[in-house]
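Trainee: Use the sequences and the hints to build the structure in full.
The sequence shown finishes on residue 1125 if you use our numbering, and the numbering steps up by one all the way, no holes.
Any given hint could turn out to be false.
[Said to hold, decoys possible] 30 Å max Cα-Cα, derived BS3-like pairs, lysine-lysine:
id	residue 1	residue 2
1	953	1115
2	953	995
3	1115	814
4	814	918
5	1052	1067
6	1120	1052
7	721	707
8	796	721
9	995	1120
10	918	1115
Calculated directly from the structure, the hints in this document are not laboratory data.
Here the structure is a predicted model, which means the values were calculated and not measured.
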Amino acid sequence: MRVSLPESLNIADRFLSERLREGRGDRVALIAGDRRLTYAEVHSAARRFAQVLAELGVDPEQRVLIGLPDVPEFPIALFGTLFNGSAVVMVNSQLKADEIAYFYQYTRAKVAVVHADQSEAFTQAAAGARDLRHVLVVGGAPSSGAARSFDQLLAAATERAESYPTHRDDAAIWLFSGGTTGRPKAVLQSHASFANTTELYAKRVLGYSEGDVTLSVPKLYFGYATGANLLFSFSVGATSILFPERCTADVLFEQIRRHRPTILINVPTMVSHMVGHPAAGEQDLSCLRFSTSAGEALPVELYQRWKAAFGVELLDGLGTAEMWHVFLTNRPGDVVPGSLGKVVPGFDVRVRDDEGRDVPDGEVGWLWVRGDSRAIAYWQNMEKTQAAFRGEWYVSGDMVARDPQGNFVYSGRGDDMLKVGGKWLAPSEVENCLLSHPSVKEVAVVGVSDESGLVKPHAYVTATSVSATLADELRAWVRDKLEPYKAPREVVFVDSMPRTHLGKIDRGKLRQGG
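Mentor: What follows is the structure, given as structure tokens:
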């Protein structure tokens, strides 16, 4: 199953302008607090921002960095950049100045679009950015002479008449891979990738439609949300809910109560917070058709608690920046708890050994995937590009197994898998076991070398309460339920887990002692 796409393809035109040609311009595209923007209003603003970029001297293929929270100006800047033929670079709006400086230097962005609340760090970092010409500030007066007002420039601009005729294989959005160690590396994704997965996954598997209202836990800069809470919705004329504040269970419950979404884009950490909330039993989530889960593996125990608490189907899946979005997923009416579900039609997924040979069902191996959403390359990293992209295949660092029914089970990242006493240990298996203990809120299992240089599993745990005997109790809990060698040698209690720029647990920091 392949999606037929024209050679000349600009996804701003496909996801936004087409809605106006279909007569859907008056439909509500965005809800943000009390703000409601129609497709026509988003389209007009994006066209004007494209003209702003052109007048600022930003050319097609050059990069525009978006460091905004989830406010309507985010999609306006994103689509405007694409209308101009330029490439979007999305980063976390809460980054520190030294992290921002890295992204400026690495991406060579010509313009940065940031919010007034975070503009100080972005303008401070701009001082040493050789290629950056302008910092445009949304929602307030610029904090320094190096910045300009996004709002004023947009209000004064005329609408760009046409979208730039990009090629389907041109870079549209730079994503950052979700690895748990090292500096983020950019994955260059084409216009074709975004159109392809939207057709195959959003429309044909999840059944996005015009009547849907979407709400997302991860923010728009995360490719999972860029798709599920923006591009997927815009592809069918649906409505996306945005909110700029940090996502908590309380904030999420209020958004659901107020706006009654039909699709919730979720992650396991927030699933845990929601089911563990003191008022979970009082929440009405009946508006939801389903919730998706991705970003990290969803433990069976957590899935079951969610279903018991809310009665809403939770669809776990796996996607990567290198393939843009989800290509393995459970489906409405076809959920196998503890699995990633089946392959999205249009993709091919194999489980292979170190030599690239297919392994039998039930055996753990490396995940290989191919399909028309494969990225172009890693920016400035030919070694990683050649290792990961082998012809039409992307060779993931994830390890999985497939059952005879075609469902895939996640075992962990290859660099997270542990060899303990000559036997393989999947951290996710131990984590799932520990999560079934009533005192455990969140856990990460990593390998730490002992004084002899041998790798041993250590568990970092956030707990409801910590007693003097809890560590011994947790080790005994694992020994009782799994093979003894899988029990953590050390249990370390932490108030919170260190996180990467994408919000995942930073296992590299944990290996270094937290």
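Trainee: Each hint: holds or not?
Mentor: To see whether the hints hold, each was checked on the structure:
1. About 24 Å separates the Cα atoms of residue 953 and residue 1115, which keeps this hinted pair within 30 Å; it holds.
2. Proximity of residue 953 to residue 995 is assessed by CA-CA distance (about 28 Å); at most 30 Å being required, the pair is judged to hold.
3. Proximity of residue 1115 to residue 814 is assessed by CA-CA distance (about 28 Å); at most 30 Å being required, the pair is judged to hold.
4. A distance of roughly 24 Å separates the Cα atoms of residue 814 and residue 918; the hinted pair therefore holds under the 30 Å criterion.
5. Using a Cα cut-off of 30 Å, the hinted pair residue 1052 and residue 1067 holds, with the two alpha carbons roughly 22 Å apart.
6. For the given pair, residue 1120 sits about 20 Å from residue 1052 by alpha-carbon distance, which is consistent with the 30 Å threshold.
7. Distance check on the hinted pair: residue 721 and residue 707 sit about 19 Å apart at the alpha-carbon level, within 30 Å; holds.
8. Between residue 796 and residue 721 the alpha-carbon distance is near 19 Å, which keeps this suggested pair within the 30 Å criterion.
9. A threshold of 30 Å between alpha carbons decides the hint, and for residue 995 with residue 1120 the separation of about 22 Å falls inside it, so the pair holds.
10. Distance restraint check for residue 918 and residue 1115: the Cα-Cα separation of roughly 23 Å lies within the 30 Å cut-off, and the hinted pair is therefore satisfied.
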